[in-house]
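This is what each chain is made of:
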Amino acid sequence: MLQMKHLSKVYRTHMVETHALRDFSIHVHDGEFVAVTGPSGSGKTTFLNIAGLLEEFSGGEYWLDGVDVRGMGDDARSRLRNEKIGFIFQSFNLIPDLNLFDNVDVPLRYRGFAAAERRKRIEEALARVGLASRMKHYPSELSGGQQQRAAIARALAGSPRLLLADEPTGNLDSLMARGVMELLEDINRQGTTIIMVTHDPELAARAQRNVHIIDGQVTDFDAEPRLRVPTRDDRAALAAV
Amino acid sequence: MFAYYVELGLRSLKRNPVLTALMVFGIALGIAASMTTLTVMHLMGSDPIPWKSDKLHYVQLDNWSAEQPYSDDGRPPDQITYRDAVALMQAAKADRQAAMFKLSLPVQPENPELKPFQALGRVTHADFFAMFEPPFAHGGPWNRDQDAGHARVVVLGKDINEKLFGGQNSVGRTVRMDGVDYTVVGVLKDWKLRTRYYDLTNGAFAEPDEFYLPFTTAIDLKQRSSGNNSCWKSSDDGWDAYLESDCVWIQMWVELDSPARLAEYKSFLDDYVSEQKKLGRFPRPLNNRLLDVTEWMRDQKVVSRDVEVQTGLGFAFLAVCLVNTIGLLLAKFTRKSGEIGLRRALGASRRNVFTQFLIESGVVGLSGGLLGLLLTVLGLIAVRALYADYKSVAQLDWSMVATTIALAIVSALLAGLYPTWRACQVAPAAQLKTQ
Chain A
1 MLQMKHLSKV
11 YRTHMVETHA
21 LRDFSIHVHD
31 GEFVAVTGPS
41 GSGKTTFLNI
51 AGLLEEFSGG
61 EYWLDGVDVR
71 GMGDDARSRL
81 RNEKIGFIFQ
91 SFNLIPDLNL
101 FDNVDVPLRY
111 RGFAAAERRK
121 RIEEALARVG
131 LASRMKHYPS
141 ELSGGQQQRA
151 AIARALAGSP
161 RLLLADEPTG
171 NLDSLMARGV
181 MELLEDINRQ
191 GTTIIMVTHD
201 PELAARAQRN
211 VHIIDGQVTD
221 FDAEPRLRVP
231 TRDDRAALAA
241 V
Chain B
1 MFAYYVELGL
11 RSLKRNPVLT
21 ALMVFGIALG
31 IAASMTTLTV
41 MHLMGSDPIP
51 WKSDKLHYVQ
61 LDNWSAEQPY
71 SDDGRPPDQI
81 TYRDAVALMQ
91 AAKADRQAAM
101 FKLSLPVQPE
111 NPELKPFQAL
121 GRVTHADFFA
131 MFEPPFAHGG
141 PWNRDQDAGH
151 ARVVVLGKDI
161 NEKLFGGQNS
171 VGRTVRMDGV
181 DYTVVGVLKD
191 WKLRTRYYDL
201 TNGAFAEPDE
211 FYLPFTTAID
221 LKQRSSGNNS
231 CWKSSDDGWD
241 AYLESDCVWI
251 QMWVELDSPA
261 RLAEYKSFLD
271 DYVSEQKKLG
281 RFPRPLNNRL
291 LDVTEWMRDQ
301 KVVSRDVEVQ
311 TGLGFAFLAV
321 CLVNTIGLLL
331 AKFTRKSGEI
341 GLRRALGASR
351 RNVFTQFLIE
361 SGVVGLSGGL
371 LGLLLTVLGL
381 IAVRALYADY
391 KSVAQLDWSM
401 VATTIALAIV
411 SALLAGLYPT
421 WRACQVAPAA
431 QLKTQ
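Chains A and B, in that order, are what the protein sequence lines are. Residue numbers for the first sequence follow my numbering, so the first one is 1 and each next one is one higher. Residue numbers for the second sequence follow my numbering, so the first one is 1 and each next one is one higher.
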């Protein structure tokens, strides 16, 4: 799904050069749930931004779903981002003067779907995150957890292959965080690849693989997927057995 | 996507009503200032008879003194003498021709309830009506035979017919002017002329003529022109001496249907003046002119320098308003950096962002244009109230309405270019983290 080889990212000013990523290699397979951890300033967000085609990289290779993204123009990168990637941010990033329906509609507009197709996808996405009855609500009328669910619906509406989540539970209390995490796990189970940056070791432990970044380099990467910590659904399923 | 962007633009306007109001009002003020002055200038200078303005030519002959030119820039006199007008009319070398002068006469109404009043009219030839095409409500013009027969006939303007006959069909009735009875042969409808282009020597924006009399008849009755009269040497006393003098007081127009006919007529004028030189007239070098309607209007500076300067100032004010709008748009778009970053993350290309924000600028421009249109109408009402002469040209026509809206939108788009370009430079990654 995502493969970076010897990737580097250098921020240059007239005074200094900062190496945000150096000799950075990673390979995330289809359907994986990868947690990215590391101290502040280690390069986690830079990795996520490059993975999400929001930033250019200085050197190396990056293949996204079989596409070499080196040297791509802005239009092509935007189209690829729109079609393949969904974003979930720590601070939700919903547009305050659009209701949930219109917020979820934003990426679909750029995709060029017809009105009927967009409506169908929006309704399905909001239903999937349990907000079908809140379509006409504005973000300010929702709790933090609901806003993050709406943001997830927006990320899902375009049926992306890859979901990039940057501290998705960072602004939520533990109850809401658990709900959001379970939703992400559910999405992953249905085949969407997820890469999640987190500071929380407990959340990281629930991912199939962990990547640890220090000083812009991968210092620890689970070679093989490992068993996830059972979710509440898993436990319920086990209990039923 | 266009409709989506327009919708986003409208939402954005609603989001910051104070900022929006400042931008819209700023553009509206600039548009109103520039369009009010431009409308006046446009209508002053617009072609009053576009379907034949290139066929109607104003005749100028330089009969002025050998010692001193009529004007420093070498232009010949702007009117001709009676004897030249008669000679040219009798030669009848043009397809149509009409000499004319302005005349003020006392009118004595039949109706005893009406007091006598002074009316301003025009003395001319039958071809005047075919050449300048005033619209008739009743009857029609007199004919060339009536010119030759010195007929005592009159064509009335709408207002004087309203005054004398209550607006009824007065053809066949009699009007007494300066003690002479004239039979009404035609009554005009309201002849809406922005500029009275056929007689610019007596004020381009004067009121329409109230009556029209045959040239030959007025001369028979020794009616002197009420318009401008210029002489370069004194003449003997008396009516006949005045007619024979080198004083210029007659305007003359000819209609020539083709460039070939124009060349022929020009040649005829030169021959005529050469002949007159042999008789001791026309001491100056040949300097005859045949200017068409628009050339004549330019020559007579119908659009004055003052009006051009006012229009320039109007547009300078619009430029100031646009600079203000650029600042406000910059502030508005900067506040939306977070949303821009988000939209970029969700798949918007720079081109999408550019289009969205340029359309938002256009929406501001359209709103400013509509308000500016209203202010322009008010501005023109003020111009009409302040300058009675500009009554006919301080009017908004459809072309100027369209120009107003288009100018507002183009102005706002220009003002929006830099802020929009800046919006496109927003680095999405940085914005998303700082949201």
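Derived from the structure by calculation, the hints contain no laboratory data. Be a bit skeptical, because a hint or two may be false.
Stated by the list, open to error - So, partial list: chain A residues that the calculated Cβ filter (under 8 Å) puts toward chain B:
{"no.": "1", "residue": "E55"}
{"no.": "2", "residue": "S58"}
{"no.": "3", "residue": "V106"}
{"no.": "4", "residue": "Y138"}
To be verified - DSSO-like mimics (lysine-lysine), calculated; alpha carbons at most 30 Å apart, straight line:
{"no.": "5", "chain 1": "B", "residue 1": "K277", "chain 2": "B", "residue 2": "K14"}
{"no.": "6", "chain 1": "A", "residue 1": "K120", "chain 2": "B", "residue 2": "K14"}
{"no.": "7", "chain 1": "B", "residue 1": "K102", "chain 2": "B", "residue 2": "K14"}
{"no.": "8", "chain 1": "B", "residue 1": "K163", "chain 2": "B", "residue 2": "K192"}
{"no.": "9", "chain 1": "B", "residue 1": "K192", "chain 2": "B", "residue 2": "K14"}
{"no.": "10", "chain 1": "A", "residue 1": "K136", "chain 2": "B", "residue 2": "K14"}
Ideal Cβ positions, reconstructed from N, Cα and C, are used throughout, including at glycine.
Query raised in the report: Between K163/B and K192/B, does the CA-CA distance stay at or below 30 Å?
Result: Answer holds: K163/B to K192/B is near 18 Å, not above 30 Å.
Query raised in the report: Are the Cα atoms of K277/B and K14/B separated by 30 Å or less?
Result: Outside the cut-off at roughly 78 Å; violated.
Query raised in the report: Does the CB of E55/A sit less than 8 Å away from some CB of chain B?
Result: Hint holds; E55/A Cβ to chain B Cβ min 5 Å, cut 8 Å.
**Report entry** Hinted pair K120/A and K14/B, Cα distance within 30 Å
**Finding:** This hinted pair holds, its Cα atoms lying about 29 Å apart.
Query - Pair hint outcome, K192/B versus K14/B [Cα-Cα no greater than 30 Å] - result: 44 Å, violated
Query raised in the report: Measuring from the C-beta of V106/A to each C-beta in chain B, is the shortest one below 8 Å?
Result: Holds - the Cβ of V106/A comes within 8 Å of chain B, reaching about 5 Å at its closest.
Query raised in the report: Quick one, are K136/A and K14/B close enough, alpha carbons at most 30 Å?
Result: Within the cut-off at roughly 18 Å; holds.
Query raised in the report: Does S58/A pass the interface hint, meaning its C-beta sits closer than 8 Å to a C-beta of chain B?
Result: 15 Å, violated
Query - Restraint status (C-alpha distance of K102/B to K14/B at most 30 Å) - result: Answer violated: K102/B to K14/B is near 60 Å, above 30 Å.
Query raised in the report: Regarding the hint that Y138/A lies at the interface with chain B, is the smallest CB-CB distance below 8 Å?
Result: Since chain B brings no Cβ nearer than about 12 Å to Y138/A, farther than 8 Å, the hint is violated.
In terms of the numbered hints stated before, the structure departs from hints 2, 4, 5, 7 and 9, listed from lowest to highest.
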